[in-house]
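Each protein sequence line maps, in turn, to chains A and B.
This note's numbering numbers the first residue of the first sequence as 1 and each following residue consecutively.
This note's numbering numbers the first residue of the second sequence as 1001 and each following residue consecutively.
These are calculated hints, taken from the structure and not from any lab test.
Careful: at least some of the hints might be erroneous.
Some, not all, of what chain B presents toward chain A, calculated at C-beta under 8 Å [stated by the list, open to error]:
| id | residue |
| --- | --- |
| 1 | Arg1120 |
| 2 | Trp1132 |
| 3 | Ala1193 |
| 4 | Ala1196 |
| 5 | Leu1251 |
| 6 | Asp1252 |
| 7 | Ser1260 |
A short list of chain A residues far from chain B (calculated; beta carbon distances all over 12 Å) [said to hold, decoys possible]:
| id | residue |
| --- | --- |
| 8 | Arg52 |
| 9 | Thr60 |
| 10 | Glu75 |
| 11 | Leu76 |
| 12 | Val117 |
| 13 | Glu123 |
None of these values were measured; they are calculated from a predicted model.
Heads up, the beta-carbon is just placed ideally off N, CA and C, and yes, glycines get one too.
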Amino acid sequence: MVEGWFTGDGDDFRLLGTRCSACGSVFFPREDTFCRNPGCQGGALAEVPLSRRGRVWSYTDSRYRPPSPYVTEPELPWEPYTLIAVELAAERIVVLGQAVPGITVADLAVGMEVEAVPGVLHEDARTTWTTWRWRPTGVTR
Amino acid sequence: MTAEVAVLGAGMHPWGKWGRSFVEYGVAAARAALVDAGVDWRDVDAIVGADTVRGGYPGYVAGATFARALGWQGARVTSVYAACASGAQAIGAARAQILAGLADVVLVVGADAAPKGFFRPAGGDRPDDPDWLRFRVLGATNPTYFGLYARRRMAVHGDTPEDFAQVKVKNSAMGALNPNARYRKRVTAQEVAASAVVADPLRLLDICATSDGGAALVLSSLDFARRHGVARPVRISAVSTVSPRYPTTVLDLPDIATDSAAAVEPAGEPFRASIAHAAYEEAGVGPDDLSLAEVYDLSTALELQWYEDLGLCAEGEAAKLLREGATAPGGRIPVNPSGGLSSFGEAVPAQAIAQVCEVTWQLRGQAGERQVAGARVAVTANQGLFGHGSAVVAVR
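Next up, chain B with everything else stripped away, as it sits in the complex (with noise of 0.2 Å):
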C-alpha cells in the first residue's frame, strides 16, 4: 500500500521528574530512536518537534530546538502544537512529508518538563482564552472534567469506584514491567480506594500526574526502509487528526459548556468514537483487527470510556469487559501494556509518540515482559485540548 510508512526507529528518554530541560530529554529519545534505526543524523532528511508551551521560546520552535541540539545540518524543519494530540500532528506531518516525496526519512521528536501539580493556562490576563476562563471564572481544573465524566458514566452506565481502581491495578502492573515508566510498583485496589479524592468520584491514584519525559520516532518511506535492508518493518497505516463535528454535545476540556444542539441534529458518533473511525477507515481495520491499543487514561474512568469509542465493546459495556479480563495482559484485546499514562504521568508532547515507540515495541515483539503475543494491528488514541483528535494505526 502506498499510503503507508515505516517506522525505522523508536526511542524514549524515561518518564519521571528529572529537573532538566526538555530537550535533553528530547535529544535523548532522538539518538535512542536514531540508533535504533540504524540511521545518521546527518542523513535525515526532515525534523519535525511536537511543541511545548513550557520551556520558553525554544518549546514553541521544538523542530528547530531539537536540530541545533543534535547539529544543524540542513533538514527541512517543521513544529507543531496540538495540545495532547501534539506528537500525533508530528508523526501526520513527517508521513505527509514522506508519501509526497519531500522526504525519504524524517524524525519526529517530542518532550517535556512538567511543572507541577495542575496543569494551568499562560499568565497574564486573557479573558479571550477559553482555556484561562474556565480557571478563573470556575477554577476547573483537568481533574475536575475528569470527575464529571466519571460520575456521568456511574449514573447512566452504573460503573462503580471500584471498577475505576481496577484500571489502575491492571496498569500499574504492566508499568511495574517498563523500564521507561515512572511509576514501577503495582497498586492495589485498597491503595486506590485510600488514597485522597480529588474530584468527586476520583481519587489521587485515578488520575495521572504530570511528568517529565521524550519519546521520538524515525519514520522513512518504504523503499527507503528496504534499501536500508529493513524488509518487514512496522508500518504506519493510519493517522487520524480529526476535529469535532459541530455541535458537540458532551462537555470537553476546556469548554464552559457544549455546543447547543437546538439548530443542528448532533452526529450520531461522539468525537472520542470519530477519531477511532477515522483512522480504523484509513487504514482499512476494524476493532475485531486489533491486538492491543494504546489509549490515554488520564483518568482510570477515561480508560474505560475509551473501550467504547475504539468499538472494543458495546456503549455501557466497558466495565464488563474490564472485568471480563479481556483488557489485561493475555486478554482478548489488551489495552495499555506500556503501563499507561498511569504509569507515566503527561508528558505532553511526548505521549503520543510515546503510544507509537510503544506499539512499534510490541509489533517488533521487543516488548520484554510486558509483550503482547502475536500482535500484528495496534491502534493509539488519545483526545487533546481544544478540540485535537488523535490515532494512528500500526501493523506488522
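Bound-form chain A, shown alone (with noise of 0.2 Å):
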C-alpha cells in the first residue's frame, strides 16, 4: 500500500523519501515522477533515508473512530490513537505519523524529541500493514 515509505528494523528503521539530483529538494511521502520545485527543470529523484530523530512541531488525537479507509474492528471499543506532527531538521520537513501505542497527548509537548520505529497499522489473517509510528525518545515500550 505505501511500498517503499519505510526501511529496516529497529535502530536501523528510516523512514525513506526521494531527493531531487538537480535542486537536492527533498519530498515525503517519496516522490518518483517528478521534482515539485517549479525552479527545477527536473533531476533524477533518488531514494534517501530520513533523519530518525525530530521534535515535535504539533500533536493531536482521535477520540472518534475515523472512517473508512482508515480500518477498525467496529465490533471493538474504540481506543483514541495520538497524531505527531514531527519536524525533521535535516531536512526541513514536518511528517505526520501515529504515536506508539500507550502515548497519549498528556505524554507529549511541542518541541519534544521524538524517534521513528517501526509499528503495525493493522492486520488480518492473511497480511499485516506495516506503518511508522513516532516514540519519545527514551521510551521503550
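Could you fit the two chains together into a complex? Lean on the hints.
The following block contains the structure:
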C-alpha cells in the first residue's frame, strides 16, 4: 500500500523519501515522477533515508473512530490514537504519523524529541500492514 | 473601475440536515437570488455551478444540473470544483466572463447535501490519492488537522482552550440572529468546555458540523446594473484563488508531510496570508479599510489564525484581538457576523458563495439584527483541500 516509504528494523528503521539530483529538494511521501520545485527543470529522483529523530511540531488525537478507508474493528471499543507532526531539522520537513500505542497527548509537548520506529497499522488472517510510528526518545515500549 | 462587477442578487436555502437533494437547495437559492436581482432566469447569459462530489454524476456537472432544473434556456454553462474554494472559483469564472464581455449577467450557484459525520474520501482502494492515503495510513480526519493547528497556537502564541471557546460564544450569538443558520442557539463557554473532546485540544463545539445548504448570486457588468436601474450596487473588486508557493512549510489538509525547505527558502508569507494579500492587492484596499470579514471558522482556533493572516492584527495577537472585543459586533472589525460555519456547518460548494451573500446584505444595510453599522468594505476568506485559496473583496 505504501511500498518504499520506510525500511529496516530497530535502530536501523528509517523513513524513506526521495531527493532531486538537480536541486536537492527532498520529498516525503516519496515523489518518483517529477520534482515539485517550480524553479527546477527536474532531475533524477533518488531514494534517501530521512533523519530518524526530530522534534514535535504539534500533536493531537482522534477520540472518535475515523471513517473508512481507515481500518478498525467495529465490534471492539474505540481506542483513541495520538497523531504527532514531527519537524526533521536536516530535511526541514514536517512529517505526520501516529504515536506508538500507549502514548497519549498527556505524554507530549511541542519541541520534545521523538524517533521513528516500526509499527503495525492493521493485520488480518492473511496480511500484516506495517507502518511508521513516532516514539518519544527514552521511551522503550 | 473596469475590473469590478456588480452583485445584483443574493439568495440562500437555509442550512441544516434537510435530507433532500443538493439540486433542490441550489434551485431554491438561485430563485431567491434572481428575485432579489429582479432578473428573469431567461435573461441570464451564463450559469456557473460549484460542484459537489456527492449526489452522483449530476453533482460533478452542477452548472448544467441547476440550468436543467431551472429550465434549459440556452445559457453558457460552466461547472467548477475546488473543494472549499469551489464557490469562489465559480464567482471568479463568472466575473471573468463578465469582464471579458462574454456575458452581461451571470448566475452563480453552489449547493450540497453533506453526509453525516466525518468527511471521507471517495470509495475504492486509491493509494495514488493523498486524501485517501491520510485516512488509510494515519486515520487523519479533518478535525485532527484542526487539532494540530490549535495545539501549535497554544505552544507558540499561548492561546488557551478558553480563548477558542470565546470564538464559539461570539459566533453562536450572531448565528442566533440569522434565519439561514442551522444552529440558532447562543452557546456559553461552559457548554463548549463540557462538550466532548474530538481532537485534543478541540471539543465538539469548537468544530463545525457538516450540513446541507445552498447559496447563489446574480452578478453583472456595472453597465448592466445601471441599465437595470441599480445606480450603486455592491461591487466585487477582487477574487483571489491563488495556490500556495513551494515550499509550503505548514502541514495542510490532506498532506502527510510538508514540502521540504532544504533546497528552496520559503516565501516570507504563509499560504493563508498570501490568499488575503492577493485579494487586497487586486482591490487596492488593506486590512485597515475593512468594515467586516467572513472567514472559514472550521474550528474556533482556525478563526483566530485568520485574524493574523488577514492582517487584522500582528502574528500571535489574535487571542488578544478577540478578548478586546474587536472582532465582535460593535468592535473595530467584526468577524463572521453571519454566525460563521460554526452556526451554518459545512455545505462545501455553497460556503464561499454564502460568505459573499452575507457581505452583500451587510454592505446594503439589509442584515437585520446582525447588521454591522456603516459597512463599506468587506473581505471573505477560505482555504480548500489540495492548495485551493479563496478570498473576495466587496465594496459599496
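Quiz item: Does A:Val117 really sit off the interface, with its C-beta more than 12 Å from all C-beta atoms of chain B?
Solution: holds, 15 Å
Quiz prompt | Beyond 12 Å from each Cβ of chain B, as asserted for A:Thr60 | solution = violated, 3 Å
Practice problem: For the hint on B:Ala1196, just tell me whether its beta-carbon gets within less than 8 Å of chain A. | Solution: Nearest chain A Cβ about 7 Å off; hint holds.
Exercise. Mind checking the CB of B:Leu1251 against every CB in chain A and telling me if the closest is under 8 Å?
Key: It holds, given that the least Cβ distance between B:Leu1251 and chain A is near 5 Å, below 8 Å.
Exercise. Against chain A, run the beta carbon of B:Ser1260 and see if the smallest gap drops under 8 Å.
Key: holds, 4 Å
Exercise. Confirm or reject the statement that A:Glu75 sits farther than 12 Å, beta carbon to beta carbon, from all of chain B.
Key: Consistent with the label, A:Glu75 stays out of reach of chain B, its closest Cβ about 18 Å off (over 12 Å).
Practice problem: Tell me if B:Ala1193 is really an interface residue toward chain A, meaning its C-beta lies closer than 8 Å to one of theirs. | Solution: violated, 15 Å
Quiz item: If you take the shortest Cβ to Cβ gap from B:Asp1252 to chain A, is it below 8 Å?
Solution: violated, 10 Å
Quiz item: Should the label of A:Glu123 as a non-interface residue stand, given a Cβ cut-off of 12 Å to chain B?
Solution: The claim stands: A:Glu123 keeps its Cβ more than 12 Å from every Cβ of chain B (closest is about 15 Å).
Practice problem: Please settle this one: A:Leu76 was flagged as non-interface, so is its CB more than 12 Å from every CB on chain B? | Solution: Nearest chain B Cβ is 15 Å from A:Leu76, so the label holds.
Self-check item: Supplied contact hint for B:Arg1120, tested at 8 Å Cβ to chain A
Solution: Since the shortest Cβ distance to chain A is 4 Å, the answer is holds.
Practice problem: Examine each Cβ of chain B, and state whether all of them lie more than 12 Å from the Cβ of A:Arg52. | Solution: Non-interface label on A:Arg52 holds, nearest chain B Cβ at 15 Å vs cutoff 12 Å.
Against the hints set out earlier in the document, violations occur for numbers 3, 6 and 9.
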